[in-house]
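First to last, the protein sequences are chains A and B.
Numbering of the first sequence is given in the numbering used here, commencing with residue 1 and proceeding in unit increments.
Numbering of the second sequence is given in the numbering used here, commencing with residue 1001 and proceeding in unit increments.
Heads up, a few of these hints could be off.
As the list claims (entries may be wrong) - Now the in silico label distances, taken between C-beta atoms and shown as ranges:
(1) PHE1210/B with THR254/A: 52 to 60 Å
(2) GLN211/A with THR1356/B: 31 to 39 Å
(3) ALA301/A with PHE1291/B: 32 to 40 Å
(4) MET1470/B with TYR210/A: 22 to 30 Å
Don't read these hints as lab results, they were simulated from the structure.
What you are looking at is a predicted structure, and each value in this text was computed from that prediction instead of being measured.
Cβ atoms here follow ideal geometry from the backbone N, Cα and C, with glycine treated the same way.
So you can see what is in the structure, the chains are spelled out below.
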Amino acid sequence: MNETNLLALILFSPALVAAVMLFLPREEKTLLRWAALLGSLVPLGLSVVLWFQFDKAQAGFQFQVQYAWYEALNSTFHLGVDGLSLTMVLLTTLLTPISILASFSITDRVKPYMILFLLLETGMLGVFLALDLLLFFVFWEIGLVPMYFLINQWGSEKGEREITKGWIVPARTYASFKFMIYTMAGSLGLLLAIQMIGVASGTYDLPRLYQTWPVMEELKNIPLSLSLSTVKAVAFWAFVIAFALKVPVWPFHTWLPDAHTEAPTAGSMILAGVLLKLGAYGFLRLVLPLYPAEAHRYAGALAFLATMAIIFGAFAAYGQKDFKRLVAYSSVNHMGFVVLGIAAAAYAAGTQDAVIALNGAVLQMFNHGLSAAGMFFLVGVIYERAHTRNLEDFGGLFPLVPVYGGILIFTSMASLGLPGLNGFVSEFLVVRGSWPILPLPTALSMLGLLFTGAYILKGIKHVLHGPTNTHWSGHITEINSREILVMAPLMVLILWIGVWPGWILNVINAAMNSLF
Amino acid sequence: MDFPVLSVIVFTPIVAGLLILLFPAERKNEVRVTALAAAAFALILSVWVYFSYDLAAGGYQFVENYNWLPALGISYIVGVDGMNAPLVLLTGVVMLTGVLISWGIDDRPREFFAFLFILASGVFGVFVAQDLFMLFFFYEIAVFPMYLLISIWGWVKTREYAAMKLTLYLFIGSVISLVGALAMYFNSGLNTFNMLELARVGFSKDFQVFWFPFVFFGFAILGGIFPFHNWSPDGHVAAPTAVSMFHAGVLMKLGAFAALRVGIMLLPEGAQTWKWLIMGLATVNVVYGAFIAMVQTDFKYVIGFSSVSHMGLVMLGFSTLTRDGLLGAGIQMFSHGVMTALFFAVVGMVYDRAHTREINELGGFSKKMPWVAVAFIIGGLVSMGMPGLSGFVAEFPIFMGVWQVQPIVAIIAAISIVITASYIIKIIGKVFFGPLSDEFEHHIGDVTALDKVALVTLCVILITLGVYPMVMSPLVASGVQSILSLFGGA
Chain A
1 MNETNLLALI
11 LFSPALVAAV
21 MLFLPREEKT
31 LLRWAALLGS
41 LVPLGLSVVL
51 WFQFDKAQAG
61 FQFQVQYAWY
71 EALNSTFHLG
81 VDGLSLTMVL
91 LTTLLTPISI
101 LASFSITDRV
111 KPYMILFLLL
121 ETGMLGVFLA
131 LDLLLFFVFW
141 EIGLVPMYFL
151 INQWGSEKGE
161 REITKGWIVP
171 ARTYASFKFM
181 IYTMAGSLGL
191 LLAIQMIGVA
201 SGTYDLPRLY
211 QTWPVMEELK
221 NIPLSLSLST
231 VKAVAFWAFV
241 IAFALKVPVW
251 PFHTWLPDAH
261 TEAPTAGSMI
271 LAGVLLKLGA
281 YGFLRLVLPL
291 YPAEAHRYAG
301 ALAFLATMAI
311 IFGAFAAYGQ
321 KDFKRLVAYS
331 SVNHMGFVVL
341 GIAAAAYAAG
351 TQDAVIALNG
361 AVLQMFNHGL
371 SAAGMFFLVG
381 VIYERAHTRN
391 LEDFGGLFPL
401 VPVYGGILIF
411 TSMASLGLPG
421 LNGFVSEFLV
431 VRGSWPILPL
441 PTALSMLGLL
451 FTGAYILKGI
461 KHVLHGPTNT
471 HWSGHITEIN
481 SREILVMAPL
491 MVLILWIGVW
501 PGWILNVINA
511 AMNSLF
Chain B
1001 MDFPVLSVIV
1011 FTPIVAGLLI
1021 LLFPAERKNE
1031 VRVTALAAAA
1041 FALILSVWVY
1051 FSYDLAAGGY
1061 QFVENYNWLP
1071 ALGISYIVGV
1081 DGMNAPLVLL
1091 TGVVMLTGVL
1101 ISWGIDDRPR
1111 EFFAFLFILA
1121 SGVFGVFVAQ
1131 DLFMLFFFYE
1141 IAVFPMYLLI
1151 SIWGWVKTRE
1161 YAAMKLTLYL
1171 FIGSVISLVG
1181 ALAMYFNSGL
1191 NTFNMLELAR
1201 VGFSKDFQVF
1211 WFPFVFFGFA
1221 ILGGIFPFHN
1231 WSPDGHVAAP
1241 TAVSMFHAGV
1251 LMKLGAFAAL
1261 RVGIMLLPEG
1271 AQTWKWLIMG
1281 LATVNVVYGA
1291 FIAMVQTDFK
1301 YVIGFSSVSH
1311 MGLVMLGFST
1321 LTRDGLLGAG
1331 IQMFSHGVMT
1341 ALFFAVVGMV
1351 YDRAHTREIN
1361 ELGGFSKKMP
1371 WVAVAFIIGG
1381 LVSMGMPGLS
1391 GFVAEFPIFM
1401 GVWQVQPIVA
1411 IIAAISIVIT
1421 ASYIIKIIGK
1431 VFFGPLSDEF
1441 EHHIGDVTAL
1451 DKVALVTLCV
1461 ILITLGVYPM
1471 VMSPLVASGV
1481 QSILSLFGGA
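Input sequences plus hints: build the corresponding full structure.
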């Protein structure tokens, strides 16, 4: 294989499969499902190859390719991976086939569903692979469209939402619209800031911008005769808000519970598993290297938001009656640790503690991708059988579905941060790295962890324990083998990283050492 | 001499149109096939011109120059450069797809196609003309059939009103520009209408500042500039589908292009002086047009006002007088032309079947016509400026150009992106998804194969340009370079 084009191949293979699927007959649902699944195994196989060919000891970007793309604007089609993007690429290519397998129960319009899913994968991979600011933005936005339609068309059919008095729309319409408009509005500042950087620097190439933009002394055409530092601070916040919306950081998180709750199961898996990581990735790939000074100055504010996300996310999750909403708020809680690690690293860039915090943050991104995808899938499994997600309607299901119960407890424990499973490793690293840098927010966040335990136990208690709700006997059947197959790779990785995180931390650590 | 390809492109439609008139009125199918053949021929030639333009050489190519009325200094000169080659291609595309989706017109198709083709010749003529007199000559040829097309084949309720309004606006605009053009002719003292020579005259600054608004705004009326945009949504709505496609897709570009070609390129110092006014008005176009589109309840009016908003971006790009801004404006003219032709084709297909355009009465059409739904979604994403599609490729450099001149304007104009997204999403949700009413359930069928060909053609162009902007950007960039050289290589 010509390894120089490996990245382009990974990036476009899902889109190519989608293009081929356009020509398959829409009635052949089984064929379509298998085509999508097998098609999505191609990028997975290629990224495993990439993982092993990647030189872990070497810092900087590898497998770089650069083609002319929009010459007139000095923007090129520039791809490359370092340890950070490699980890995220692996996560994406892993979760996509799993989610597609999880979607085999979809019967309505299978063809467009699968095509959108594959296009979504290309969009997400593009963000992780792009080394050109304009190209990054292109892929950043492209991912929105398939996700919008997945929620809007295949989302849960129940539920209504009153916008104003008398104006009632289906909940999935509301949720998808909110998702789209929130993200687009958030990206608007990013778009403008990218344009400003491009105009000022004359290039969109990231490795070059890393060199020039942080030390840029002069800007032409500053509006309202603001000072350079003000302009940079505004641009910094434009980036931060766009990415904070996606992570999501409190108080920009309100789209997330709606989107998650209404999305189809596999949509939630990808949304929590990968899309939220795009925001955190934006912080690491763009905000920290492009705005080191501003990031240092505003690290306290960022840490404050992260702490709020951790604490409020946990409280909000505890307060939910809807199982899926509970898991959705848990994402706010867990992603808060990612941002906390980033904030700590921004404050003390270059120190050993900062590197530890960043390692924790990136590993937490990967881990949360595994456990959140698993949790959403398990919620989906029970919902497909019970047609309700109301925690109070369940109870005592353990005797009815022992295998499901075991898997649910295992995955919940990973999410809770039980030592020996993956969540513990990453949260420990974040806290270990942040503690010397930002003691107060870290201490508060650790209190938040207490409530993480509380809401997870609450979820398990309501679903599995207590007196058996006889209403369900005979209705709720055991998890089937396809569903176990979905969970198996996730559980293996959860355990593997929990027991021996070295294999993945090696890759991440090299990148984190050289990033700043 | 080489094969006069541009003249062939310009005169193919009008010759075919006159030929069609000789057919007996009841031979409708022969009329349609002839029209299709002529449109395909013109398109093939314009594709050939587009791709065989020699980028390395630059400048005007495929030039033909004949004396027409030497005593008055009028000659027939045509040529293409990087700015107008995409527009010639655009006209070819819209003409062919317009014929395809008008296949079902049963009311006097012979006359309909004849007028449509006369219009097409006029449009081709304006884009390639290098002689000021010829430009006006073709311009009027393009405007006049519009009146007949709208008032005869248009929407019964408003067609007389809209046709009248449109024609009067455009005539007023062209008269104002003509005054400016004559001023240039007399002031130059060269006794020539040749624009290539007029560009070299170097009019005095006072002269340029005084006459620039006449020329620019006269043409810009046809480009839909605020506050003279009012004719355009009415005209769009009243026109039959193919004419709307031409109208929004090509005719508005005619105004913008002529404003650039005659106003900015011949009177560059005037443009420097007046650019702030243009920028202000264009910003109003962009933002106000988007807001007005958002509150419309008639499907076609939404698209009509969205054109006002998007043409504002073209004007905004012009007003920056920077490389990026002009590049973006050039691509936006093409991209918006294809996109809006697609939009109006979709609206026409929906209206032909539902007999209503009230957004609240429509719903669930994706079940009945999935191809149309997908086409509209693609067009809608283009209009939101979604990356990966042509709208982004065009709008991004416009905004970059604005950043270089006045960052505040970039920030204000960017608001329109979110507004556009909200009304496009609303329409997609209401018209194509949602419940399908019983009335439509039984009476509505899918579109014809020809309609699908037209939709796919337009979508493929939008996607190709978005994914790989290099199919157009180097060409337009070379055209921009020659404009900038008029500003002293700025």
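Quiz item: That 52 to 60 Å hint for PHE1210/B and THR254/A (C-beta), does it hold up?
Solution: With Cβ atoms ~56 Å apart, the hint holds.
Quiz item: For the pair ALA301/A and PHE1291/B, does the Cβ-Cβ distance stay inside 32 to 40 Å?
Solution: holds, 34 Å
Practice problem: With respect to the beta-carbon atoms only, verify the hint that GLN211/A and THR1356/B lie 31 to 39 Å apart. | Solution: violated, 59 Å
Quiz prompt | Distance restraint hint 22 to 30 Å, applied to the beta-carbon atoms of MET1470/B and TYR210/A | solution = holds, 26 Å
This entry does not satisfy hint 2, going by the numbered hints stated previously; all others are met.
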